[in-house]
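Peer 1: With chain Y held as given, fit chain G with the ligands onto it using these hints.
Those protein sequences? They're chains Y and G, same order as listed.
Going by my numbering, the first sequence opens with residue 211, and the numbers climb by one from there.
Going by my numbering, the second sequence opens with residue 536, and the numbers climb by one from there.
It should be emphasised that the hints constitute simulated quantities derived from the structure, not laboratory data.
Mixed in with the good hints there might be a few duds.
[Said to hold, decoys possible] Within a straight-line C-alpha distance of at most 30 Å, the following computed DSSO-like cross-link-like pairs (lysine-lysine) qualify: (1) G:658 - Y:295; (2) Y:218 - Y:249; (3) Y:297 - G:658; (4) Y:218 - G:606; (5) Y:344 - G:590; (6) Y:249 - Y:217; (7) Y:379 - Y:295; (8) Y:342 - Y:217; (9) Y:379 - G:687; (10) G:658 - Y:236; (11) Y:379 - Y:257; (12) Y:218 - G:687; (13) G:687 - G:590; (14) Y:217 - Y:379; (15) G:687 - Y:217; (16) Y:218 - G:658.
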Amino acid sequence: MYQFNYKKVETIQEAVNELTANPDSKILAGGMTLIPTMKQRLASPEKLIDIRNIEELNFIREESNNIIIGSTTNHFTVSSSDLIKEKIPSLSMLAEGIGDPHVRNMGTIGGAISNNDPTADYPAACLGLGAKIKTSKRELMADEFFISLFETALDEDEIVVSISFPIIKDSFYMKFPNPASRYAMAGVFISKNETDIRVAVTGASENGVFRWSEMEESLSNNWSKSSVENIKLSPEGIMSDIHGSSEYRANLANIMAIRAFEGINE
Amino acid sequence: MSLVELEINGNKVSHDVEERQLLVHFIRDDLSLTGTHVGCDTSQCGACVVHVDGKAVKSCSMLAVQANNSKITTIEGLADGENLHPVQEAFRENHGLQCGFCTPGMIMAAVDIINRNSILNEKTVREELEGNLCRCTGYQNIVKSILAASEKM
Ligand SMILES: Cc1cc2nc3c(=O)[nH]c(=O)nc-3n(C[C@H](O)[C@H](O)[C@H](O)COP(=O)(O)OP(=O)(O)OC[C@H]3O[C@@H](n4cnc5c(N)ncnc54)[C@H](O)[C@@H]3O)c2cc1C
Ligand code: FES
Ligand code: FES
Numbered sequence: 211m212y213q214f215n216y217k218k219v220e221t222i223q224e225a226v227n228e229l230t231a232n233p234d235s236k237i238l239a240g241g242m243t244l245i246p247t248m249k250q251r252l253a254s255p256e257k258l259i260d261i262r263n264i265e266e267l268n269f270i271r272e273e274s275n276n277i278i279i280g281s282t283t284n285h286f287t288v289s290s291s292d293l294i295k296e297k298i299p300s301l302s303m304l305a306e307g308i309g310d311p312h313v314r315n316m317g318t319i320g321g322a323i324s325n326n327d328p329t330a331d332y333p334a335a336c337l338g339l340g341a342k343i344k345t346s347k348r349e350l351m352a353d354e355f356f357i358s359l360f361e362t363a364l365d366e367d368e369i370v371v372s373i374s375f376p377i378i379k380d381s382f383y384m385k386f387p388n389p390a391s392r393y394a395m396a397g398v399f400i401s402k403n404e405t406d407i408r409v410a411v412t413g414a415s416e417n418g419v420f421r422w423s424e425m426e427e428s429l430s431n432n433w434s435k436s437s438v439e440n441i442k443l444s445p446e447g448i449m450s451d452i453h454g455s456s457e458y459r460a461n462l463a464n465i466m467a468i469r470a471f472e473g474i475n476e
Numbered sequence: 536m537s538l539v540e541l542e543i544n545g546n547k548v549s550h551d552v553e554e555r556q557l558l559v560h561f562i563r564d565d566l567s568l569t570g571t572h573v574g575c576d577t578s579q580c581g582a583c584v585v586h587v588d589g590k591a592v593k594s595c596s597m598l599a600v601q602a603n604n605s606k607i608t609t610i611e612g613l614a615d616g617e618n619l620h621p622v623q624e625a626f627r628e629n630h631g632l633q634c635g636f637c638t639p640g641m642i643m644a645a646v647d648i649i650n651r652n653s654i655l656n657e658k659t660v661r662e663e664l665e666g667n668l669c670r671c672t673g674y675q676n677i678v679k680s681i682l683a684a685s686e687k688m
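Chain Y extracted, bound-state conformation (with noise of 0.2 Å):
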């Protein structure tokens, strides 16, 4: 790895502050996806901010009908809450399927969604669940937050304090997880209550995750098996490499699609 400078900071506005003054800096939180990629020389960053032991981002609480999550909480401490898993089971079940235990001991939420992999999982639930994503500067849909591959609205000085559930008990996640590392090849979220029915695709587009409107507008006018079978997800725009091809992943994700449902209404 190349040489960097490290330093452990305890609060958000000293985290803010340390950005600011290092454009060259990355915050480093449970570090598996950045220290990984610095070993392999992906990335280079000068300074390294680590918000690991910053107590007032790691916490689960409920506030009027939310699941709110601190950035640094991590994901097996997500998925062993029993409030989530009273609250949102589907998360609780989403969380337990990252990667592997050693992983889940380290990896945050605010981690996962910061970096916004194409294949990751959080992503899904956020866009699915429209989730509200708090951060050192102001509040933002998860529709407005997640933008490209890799890429998020945040700003190079604004970092992730929270992300908001709305609970949803009638929600489901499904993915057809990479063999050797967990990751979504296709996975997808489905929720609905009184008002709005919501699904979200991850792992498949070459933009990353996105919301299948063909599919919620078809279970919008009726909930049941047949409307989800009779959408299709066109090959176009998504992705194709050695794991899968772009109409092996579409179709994939017409099968997570039935599963998810499936699993609703269980």
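Peer 2: Below, chain G with the ligands alone, put in the same frame as chain Y:
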């Protein structure tokens, strides 16, 4: 350089390290605890698993400076003198290793799995071993060893 002070297998150590030094290299090269292995460059094999503050982590994907002020247990810290830890004993009894390269990580992962799950079955053990690769055994006897150890712990 940064000063790192931590407790490893019950011993307090303090060392100046380069910020870029990975925890696994700190453990192997600076502290000469070579039981912890490096098996890959992609954070996938789990040969490097140690416990930091009681949680199993991949020490190849963590910086030594991140572990400042923590308590670490490596494979060397499991046995009680001449007496093997129940998981080590079970791996020996059940032929849970062949070349032994993955074994330190497997055993550290296994201790963590058993600590977290009061009831264990084969399916859970196999799922929980997602982050540990073995090129020799085909996992059969590793799973058997962990199930046997869980009955004794
Ligand atoms: C073997 C392995 C398997 C994995 N499998 C999966 C999987 O199945 N599904 C999945 O979704 N993910 C998977 N991951 C990724 C894992 O979930 C990561 O933990 C996550 O993507 C990044 O979180 P982190 O806390 O480790 O972030 P870091 O690696 O510390 O940071 C990632 C990026 O986000 C930035 N960042 C971090 N926190 C913040 C913040 N609060 N505000 C602003 N920017 C921030 C950093 O600067 C960096 O650019 C896997 C990783 C590994 C190593
Ligand atoms: S050396 Fe392979 S996961 Fe750490
Ligand atoms: S015993 Fe040889 S790699 Fe597992």
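Peer 1: If a hint holds in the structure, say so; if it does not, say that too.
Peer 2: Hint check:
For a cut-off of 30 Å, the pair hint linking residue 658 (chain G) to residue 295 (chain Y) stands: about 21 Å separates their Cα positions. Restraint check: the Cα-Cα separation between residue 218 (chain Y) and residue 249 (chain Y) comes to about 20 Å, which is no more than 30 Å; the hinted pair holds. As the CA atoms of residue 297 (chain Y) and residue 658 (chain G) are separated by approximately 26 Å, the hinted pair is consistent with the 30 Å bound. The suggested pairing of residue 218 (chain Y) with residue 606 (chain G) holds, with an alpha-carbon distance near 18 Å, which does not exceed 30 Å.
The straight-line distance between the Cα atoms of residue 344 (chain Y) and residue 590 (chain G) is roughly 29 Å, inside the 30 Å bound, and the hint therefore holds. Of the supplied pair hints, the one linking residue 249 (chain Y) and residue 217 (chain Y) holds, its CA atoms being roughly 19 Å apart against a limit of 30 Å. A C-alpha spacing of about 10 Å is found between residue 379 (chain Y) and residue 295 (chain Y), which places the hinted pair at or below 30 Å, so the restraint holds. Between residue 342 (chain Y) and residue 217 (chain Y), the direct Cα distance comes to roughly 29 Å. Compliance with the 30 Å bound is thereby established for this hinted pair.
Among the hinted pairs, residue 379 (chain Y) with residue 687 (chain G) is inconsistent with the structure: their alpha-carbon atoms are about 40 Å apart, more than 30 Å. Restraint check for residue 658 (chain G) and residue 236 (chain Y): not satisfied, since their Cα atoms lie roughly 39 Å apart, outside the 30 Å limit. Note on residue 379 (chain Y) and residue 257 (chain Y): the hinted pairing is violated, with a Cα-Cα distance of about 42 Å set against a maximum of 30 Å. Between the alpha carbons of residue 218 (chain Y) and residue 687 (chain G) the distance comes to roughly 41 Å, so the proposed pair goes past 30 Å and is violated.
Our distance criterion of 30 Å between C-alpha atoms is met by residue 687 (chain G) and residue 590 (chain G), whose separation comes to about 21 Å. The straight-line distance between the Cα atoms of residue 217 (chain Y) and residue 379 (chain Y) is roughly 40 Å, outside the 30 Å bound, and the hint therefore fails. Distance hint between residue 687 (chain G) and residue 217 (chain Y) is unfulfilled; the C-alpha atoms sit about 43 Å from each other, more than 30 Å. Using a Cα cut-off of 30 Å, the hinted pair residue 218 (chain Y) and residue 658 (chain G) is violated, with the two alpha carbons roughly 39 Å apart.
Comparing the model with each numbered hint stated earlier shows that hints 9, 10, 11, 12, 14, 15 and 16 do not hold.
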